[in-house]
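In order, the protein sequences belong to chains S and E. Each step along the first sequence adds one to the number in numbering that gives the first Met the number 0, with nothing skipped, and position 3 is 2. Each step along the second sequence adds one to the number in numbering that gives the first Met the number 0, with nothing skipped, and position 38 is 37.
You may find that some hints are simply not true.
[What the hints assert, rightly or not] The list that follows gives simulated cross-link-like pairs (lysine to aspartate or glutamate, EDC-like), each with its CA atoms no further than 20 Å apart:
1. S:Lys-157 <-> E:Asp-44
2. E:Lys-50 <-> S:Glu-529
3. S:Lys-540 <-> S:Glu-529
Worth flagging that the hints you see were computed from the coordinates, not collected in a lab. Bear in mind that the values here come from a model prediction, so they are computed numbers and not experimental data.
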Amino acid sequence: MKSTKTPNSRIPTKAPTGITGLDEIMRGGLARGRTTLISGGPGAGKSLLALQLLVNGARDFKEPGIFVAFEEDAHRIMDNAGKFGWDLKGLQRKQLFFLDAQPTADLIQSGDFDLDGMLAVLAAKADEMGAKRIVFDAVDTVLSLLDDVKVERRELYKLHEWLLARGLTAIITAKEDGDDHHLGFMQFMVDCAVTMNHSVEEGVSQRNLRVLKYRGSSFEENEAPFVIGDRGLEVAGSRHTGESRITVSNERVSSGVSRLDTMLGGGYFRNSSMLITGFPGTAKSTLSGAFAEAACLRGEHTLFVTYDSDANEVIRNLASVNIRLQRFVNSGMLLTKSARAINGNAEIHLMRIKNVVREHHVRCLVIDPVSALLKVSTPNAVLGIAERLIDWAKMESITLLCTSLLQSELSSQLEGTPMGISTIADTWIHLNYLVRAGERNRGLSIIKSRGMGHSNQVRELVLSAAGVTLADTYMSGGEVLMGTLRWEKERAESSERAEAESTRARQRVEVENAETELAAKIRSLQRELEEKRAEKNVLDKSATNGAAELSQNKKLLRGLRKADQSGPEKRYQ
Amino acid sequence: MNNRTQYKFRLYISGHSPNSVQAVANLNALGREHLAGCHEIEIVDVLNEPKRALSDSVLLTPTLVKLSPAPVRKIVGTLSQTQTVLQALGLSIPPP
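When you get a sec, could you build the whole thing from the sequences and use the hints?
Here is the structure:
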């Protein structure tokens with residue numbers, strides 16, 4: 000037998016709010032069957048949040064709801080919510096009911112009264128439509144009519160008991176003002192309490208909400224920023240990364256500059272976050288554009304967000320270095336978004352980016368420059384924004400490239416962490432002007448790149464109509480040569496090479512000539528030698544003939560003289 | 000005071016809650032004292048007829064509605080502050 004009355008029955012099950020960030024903060028949503036109190040100053044967004052919880056329940060979780068309006072009348076609330084596209088009219092047919100309960104201006108009061116009538120009406124309505132959620136908006140308005148603290152508490156208790164008995168997931172909103180004797184009591188009474196505030200810090204509007212208590216559940220205790228966006232209230236997710244669902248990838252994606260890919264050992268990691276810092280004009284946007292083009296060429300939806308400059312202008316300018324993005328804008332592969340950072344705070348910009356990313360299944364995201372976004376955030380929230388941006392990108396499996404503008408060439412700032420983002424980015428590329436020999440040249444260095452071997456050399460970034468590339472490195476006296484110096488060095492090396500080449504060719508010709516000459520000499524000598532031999536033979540032959548003739552002649556002479564045979568022979572010898 | 004004017008009241012109560020019981024008693028006393036023979040009272044228990052309370056936009060109990068003579072007036076509470084009630088009903092001039 001399964002018992003529901005175990006000790007665990009104190010631990011509430013959750014009724015999802017349908018608001019991503021809020022569900023994270025509340026670890027799943029509202030306490031089902033319990034009461035949640037939302038308090039805040041005027042204009043904090045209480046009624047809107049309450050209505051959204053009801054709409055989401057009715058629309059997405061099959062939990063019809065009742066909205067009891069004590070302060071504003073239902074028509075005004077619906078008009079105000081009209082711009083969020085919640086289809087209140089459609090929902091009202093069955094899943095949503097508005098009860099106008101604001102005390103009329105001509106209401107005359109004489110003696111005590113109670114809320115029993117309302118509860119009877121609500122009970123009937125809740126049964127009829129099978130309501131699971133109920134909102135009491137601005138309950139303080141009606142309580143103050145009771146004009147007696149004890150009576151107020153009695154009615155609140157009655158209301159709370161009634162809600163528990165009916166098992167409704169209730170949301171009560173109440174103003175926070177100086178006179179908050181009911182507020183403290185309500186916060187004590189309910190199982191979950193949320194406070195909302197709206198403040199302006201250094202001219203930047205900032206909305207936050209915070210869970211004060213949540214019986215039987217853990218919750219994010221820090222303030223969470225929220226915005227009222229195009230689709231209602233959106234809460235920045237908690238920074239809680241305990242149960243991360245991050246997909247770590249070893250896949251590399253191209254930076255769009257092949258020699259930079261080589262420097263990085265193959266490109267950026269997919270789903271990683273890159274930061275490119277640099278002074279104005281150091282080609283940060285160009286590297287962003289190269290990355291975006293490469294992503295589009297791979298067929299990945301890419302979002303290019305530009306702040307304080309128009310995206311079309313950026314695209315036109317990039318065409319001058321052969322980064323052709325317009326074709327991808329036309330094909331819908333590349334989405335652009337430009338905004339003036341000052342219009343709205345960082346949270347709002349972040350929400351807008353998230354919405355586009357979600358809608359269009361964006362895989363690669365460029366924010367150029369992210370520093371503009373951080374500028375319109377309150378100082379305390381800056382790191383939070385950067386962290387959440389990167390966390391979120393990882394969660395959503397997005398490869399993120401941010402640029403950040405540095406204003407001064409102070410090395411302290413260079414080595415510091417611009418807006419803290421550089422500490423959490425996976426890859427940090429710094430672009431710099433190097434001034435030498437009367438020239439400014441763009442230098443690129445990889446300051447860090449987690450999880451990959453990378454070149455430690457400062458390289459020259461060369462922009463031309465043919466595209467973007469990194470120049471070969473020339474070292475001279477321990478310095479990397481750039482610009483004209485590099486060019487001269489290149490020229491010098493190539494002319495040396497040419498000279499050596501021609502010298503070799505010349506020498507070869509000379510040797511060949513000598514060889515030919517020698518061969519010719521050898522041939523003529525050979526001929527001479529043969530002549531001499533022939534001559535010698537001739538000589539030898541004539542010598543033999545001569546001797547024989549001579550001795551013949553001598554014999555003949557001796558015969559004629561009748562001389563002694565041997566006498567004259569001896570004298571010859 | 001024109002005693003021929005007929006007063007029609009409707010009192011919304013919630014069962015036997017103390018406020019409701021008190022309101023019924025106060026209204027009856029008021030009728031006896033100030034509108035003898037020229038008023039009628041309809042009592043609606045919202046616990047039995049919640050739909051009717053809803054369509055009449057009555058959420059706080061007890062609520063007294065003066066239907067006639069015009070104008071229609073709503074008074075919320077136990078009706079214990081007689082002077083306020085009489086004033087609201089246009090009966091503030093006490094009879095001689």
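- Message: Against the 20 Å threshold, does the CA-CA distance of Lys-540 of chain S and Glu-529 of chain S hold or violate the hint?
- Response: holds, 17 Å
Q.
Would the hint linking Lys-157 of chain S and Asp-44 of chain E be met if the CA-CA limit is 20 Å?
A. Status holds; Cα separation ~19 Å.
Pairwise hint evaluation, Glu-529 of chain S against Lys-50 of chain E, where the allowed Cα distance is 20 Å at most
Violated - the C-alpha atoms of Glu-529 of chain S and Lys-50 of chain E are around 144 Å apart, more than 20 Å.
Figure legend: structure checked against the earlier numbered hints; the only hint not met is number 2.
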